[in-house]
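Take these sequences, add in the hints, and give me the full structure.
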Amino acid sequence: MQENYLAKWLNNELSGEELKTFKKSDEYATYMRILEASSKMEAPEFNVDQAFEKFKNATSTETPKVITLNPFKQFIRIAALILLMLSLSYIYLNTLDETYKTSLAERTEVSLPDNSEIVLNADSKISFSEKKWNQKRNVELEGEAFFKVAKGKKFTVSTADGVVSVLGTQFNVENREGFFEVTCYEGLVSVAYNNQDIKLPAGSSFMVIDGIVYEGNETVMSQPSWMNNESTFENIPLSYVFDELERQFDIVVKTKNVALDQRFTGSFSNTDLNLALESIRIPSQINYKLENDNVLFYAGNNP
Amino acid sequence: MNNVCEEQIFSSVFKSNSKTIFNYIYYKYGNEEKAHDAVSEAFVKLWENCAKVAPEKAKSYLYTVANNLYLNVLKAEKVRLKYADKHSNTISHESPEFVLEEKQFQKKLDDALNALPENQRTTFLLNRIDGKKYAEIADMEGVSVKAIEKRMHLALKSLREKIDGI
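Here the protein sequences line up with chains B and D, keeping their order. Okay, so the first sequence: first residue is 0 according to numbering that gives the first Met the number 0, each after it adds one. Okay, so the second sequence: first residue is 0 according to numbering that gives the first Met the number 0, each after it adds one.
Just so you know, not all the hints are guaranteed correct.
Stated by the list, open to error - Below, simulated DSS-like cross-link-like pairs (lysine-lysine); rule was C-alpha separation at most 30 angstroms, straight line: (1) K14/D - K22/B; (2) K53/B - K161/D; (3) K33/D - K55/B; (4) K39/B - K14/D; (5) K161/D - K39/B; (6) K150/B - K131/B.
Since the hints were made in silico from the structure, they are not lab data.
Right under this line is the structure:
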């Protein structure tokens, strides 16, 4: 008999000879009865539809876990993100410099952390680091400002044209396009310009117009005239006077047949435009015409 | 797209395999409740991984999951099988002695089946009740056809010896 012949017999894989021998054996009858009885056997009942329902319930009971867990995770994620953004922006804002700006025809006063004071003239901007103020008293300036510096460490004003440094004093710095002027009213001011170091005692000023240095101008004032709402000029080209007029009144100045390099000495009011225009017209011997926010200066009788 | 994730394909896989999986687990452990659970569990796993299981592999995947579920966890209980009265119309022609003798034989067969090792019993019943070929059973169990023939042979041998009281 071959290997596993009982299994082969069930599968009708026995040879005729083998089958004959097997049928003659004593066990054959019992094997036949086993086959007969087992053919009537039945497994427990199984309902496919019910099983499918059970499966569907099993899958649906697992989904709520996901739904209930997710919003919380999502919430934590968003909360963490917001917290991160808040702390980052806090750090960023803290390191940012403090900046003050004036627009045309505007003036503002700024108190520094050490009680030094800065008055910003029209169309000017200063910035400084409040956090590092105790280590370094430095102000970046674009435009014109008057400084009353409290006594202490070195105080510097950085401009595009030069650096002004003092210990404790009152001074004015003006830095416009092509124009740089420092006037000292009290104490001693040091101006670094083009690798030169110029010491300005009280009552003197340092001025650079279009790259030409003018030194040793005297002033008897205790503060710049613009602090008293007046713009004062001493031997200044007319073009800078017009620039200042535009800044103080937020107007547009146009000229016709006017020599702009003509020097002007005098002052004009920063509050009364008609008065200011007259103050320029009379000494310069030019005429003007005012229409809304436009002023036209012209030489001769007709524009 | 030939994908188990498609509901139509999935439900046809369910219809053609769920009963056999149920029987398979029942023959092994004799526990109807666990067999029902195994069917659910196997199909839940298949559903979750439907994108990764090719339709032709779905069947063996199901048996693997069902089989692993209770491996070394569940103790086999007594397998209870019913005997259909296929010849109920002829029963009146049989003598009471014959009926009694038949019942006694079925009782002996039941006891002998429960005494079999789990893998021999499962092979025997899958073949006798579910009409599964040796090759199909070999696929379910993950063994060779020859191994199934061996189990079948030993199952028959043990059953006869037990029934004949050797």
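Hint by hint, here is what the structure shows:
no., hint, result
1, K14/D - K22/B, "violated (40 angstroms)"
2, K53/B - K161/D, "violated (39 angstroms)"
3, K33/D - K55/B, "holds (17 angstroms)"
4, K39/B - K14/D, "holds (24 angstroms)"
5, K161/D - K39/B, "holds (20 angstroms)"
6, K150/B - K131/B, "holds (17 angstroms)"
Against the hints set out earlier in the document, violations occur for numbers 1 and 2.
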